[in-house]
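Engineer: So the protein lines, in turn, are chains A and B. Each position in the first sequence, counted from 1, maps to that position plus 74 in this note's numbering. Each position in the second sequence, counted from 1, maps to that position plus 25 in this note's numbering.
Zero decoy hints are in this set.
In silico DSBU-like cross-links for lysine-lysine, where the CA-CA straight-line distance does not exceed 35 Å:
id, chain 1, residue 1, chain 2, residue 2
1, B, Lys36, A, Lys181
2, B, Lys39, A, Lys181
3, A, Lys143, A, Lys123
4, A, Lys123, A, Lys181
5, A, Lys132, A, Lys181
6, A, Lys96, A, Lys123
7, B, Lys36, B, Lys82
8, A, Lys96, A, Lys151
9, B, Lys39, B, Lys82
10, A, Lys151, A, Lys123
11, A, Lys181, A, Lys143
12, A, Lys123, B, Lys36
13, A, Lys132, A, Lys96
14, A, Lys181, B, Lys82
15, B, Lys82, A, Lys132
16, A, Lys181, A, Lys151
17, B, Lys96, A, Lys181
18, A, Lys123, B, Lys96
19, B, Lys82, B, Lys96
20, B, Lys82, A, Lys96
21, A, Lys132, A, Lys143
22, A, Lys123, B, Lys82
23, B, Lys96, B, Lys36
24, B, Lys82, A, Lys143
25, A, Lys132, A, Lys151
26, A, Lys143, A, Lys96
27, B, Lys96, B, Lys39
28, A, Lys96, A, Lys181
Hints are computed from structural coordinates only; laboratory data are not their basis.
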Amino acid sequence: AQSVAQPEDQVNVAEGNPLTVKCTYSVSGNPYLFWYVQYPNRGLQFLLKYITGDNLVKGSYGFEAEFNKSQTSFHLKKPSALVSDSALYFCAVRDVHSGNTPLVFGKGTRLSVIA
Amino acid sequence: DTGVSQDPRHKITKRGQNVTFRCDPISEHNRLYWYRQTLGQGPEFLTYFQNEAQLEKSRLLSDRFSAERPKGSFSTLEIQRTEQGDSAMYLCASSLVGRGVTGELFFGEGSRLTVL
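Next up, chain A with everything else stripped away, as it sits in the complex (with noise of 0.2 Å):
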């Protein structure tokens, strides 16, 4: 079965400084991987995923994300946060191998960027 950890409930920033928000995962095989964001009364917003090749993921807002394999982690980062970041992020996981499997979602992390 695969799954998904976020360990923190919540992250508090100072806005300009450094964010991460962790995700580990477990899949039988190889992992998809991916980041949502969720703000207040919204849908999910998908921000970016690890499918292949470059351990170091680029996608939306400034975000990355660095998979580790050994450490079966997923984590967010972004250099710099803003207060416009503040919102419910999701890490998701699919196993390659799995066939059909839908995304397995965490518990969310609540990310506070204070001015």
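Guided by the hints, dock chain B onto chain A, whose structure is given.
Structural biologist: Chain B in isolation, oriented as in the chain A frame:
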């Protein structure tokens, strides 16, 4: 707007009533998913369709829930005899899956159900 659209955005109903949600996916997408999200939780998979075929249903989908996707276009999710525990945000997503396509999900804005 060519994104995923859901209707209604909000629904308040009394326990025991039936409700139906509609989802219109991105037109060229062949897969359509339904997820449920409760407060403080990530989206939980309910069911998905490839074109008009319902390929998988979660054990979360009790027999009071039914989903359809006639003609492989829009989809409906019906909940019969609603219970207070059904109160949640119901999210629809679509994706394009095929050779060389990784199939990330594109979500609608969700339909929030409140059962009184």
